[in-house]
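Asks: Work out the full structure: start from the sequences and follow the hints.
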Amino acid sequence: MKRGKKYIEAAKLVDSKKAYPVLEALDLACKTSVVKFDAAVDVAFRLNIDPRKAEQNIRGALVLPNGTGKTKRVLVIAKGAKATEATDAGADYVGDTEIIQKISQGWLEFDTIIATPDMMGQLGRLGKLLGPKGLMPNPKTGTVTMDVAKAVKEAKAGKVEYRPDKVGNIQVTLGKVSFGAQKLNENLKAVYDAIMKARPSTIKGGYVKNISVASSMGPGIKVDPYSFN
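Numbered according to the numbering used here, the sequence shown spans residues -10 to 218.
What the hints contain is simulated information worked out from the structure, not anything from laboratory work. Be a bit skeptical, because a hint or two may be false.
Claimed, not checked - With beta-carbon atoms standing in for the labels, derived distance ranges:
1. Ser5 x Asp27: 19 to 29 Å
2. Pro128 x Lys42: 37 to 47 Å
3. Lys1 x Gly194: 29 to 39 Å
4. Asp39 x Met206: 23 to 33 Å
5. Gly110 x Gln160: 26 to 36 Å
Unchecked claim - Simulated crosslink set (DSS-like; lysine-lysine; CA at most 27 Å straight-line):
6. Lys178 x Lys59
7. Lys145 x Lys61
8. Lys(-6) x Lys211
Just so it is clear, CB atoms sit at the ideal spot from N, CA and C, and this is done for glycine as well.
Replies: Laid out in structure tokens, this is it:
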């Protein structure tokens, strides 16, 4: 893959063979941002898990201490009083059958869906559309709930979800370059703690194979997993 001049210069600042202490790694991720906008900073965990096994397909969600720096567009699928509750809590879109039909026709102008349990029968039919995009509500992430007001407020406050891809990698957005290393570290520590807590009991040997951070389109920087405290 051909890289631009800015990327090549930024990559020179990174020792690809070194695992950096977490704060140093995050500071480097900010310094090696090569785009003109306020880039996102992501963390990637390579885990010793087999997502094909149900007990190892870990999944969850948490509210980052400093948010993500992104304003989420929240859709709530609910009826009656719960729909009113969602609107009052600040949901961007609220509806039931009609909005489900709209989604089936290709409307996807939202970042998160929250649904009450009674609506999942209808919404579940859109699994092939919403599932691959990571948009299908799930009780494990708190997006299938009767407490829609709490779910909306958490989503707006910077709630992120984590789940492995087919080979056991988990990627989560920690925030923006403008946050600086300290705030990004607070967010990363929260994600790290959640993933460590979710360790399946069936895992043998090491759990975390590798951790790396990077800004959007910037070089990857390895993180020393023993530098978390």
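Asks: Against this structure, judge whether each hint is valid.
Replies: Tested hints:
1. Ser5 x Asp27: 19 to 29 Å: Roughly 26 Å apart at Cβ, these two residues keep to the hinted range, so it holds.
2. Pro128 x Lys42: 37 to 47 Å: violated (20 Å)
3. Lys1 x Gly194: 29 to 39 Å: Holds, at about 35 Å.
4. Asp39 x Met206: 23 to 33 Å: holds (31 Å)
5. Gly110 x Gln160: 26 to 36 Å: Roughly 31 Å apart at Cβ, these two residues keep to the hinted range, so it holds.
6. Lys178 x Lys59: holds (19 Å)
7. Lys145 x Lys61: Status holds; Cα separation ~6 Å.
8. Lys(-6) x Lys211: Given pair Lys(-6), Lys211 holds - Cα atoms ~22 Å apart, limit 27 Å.
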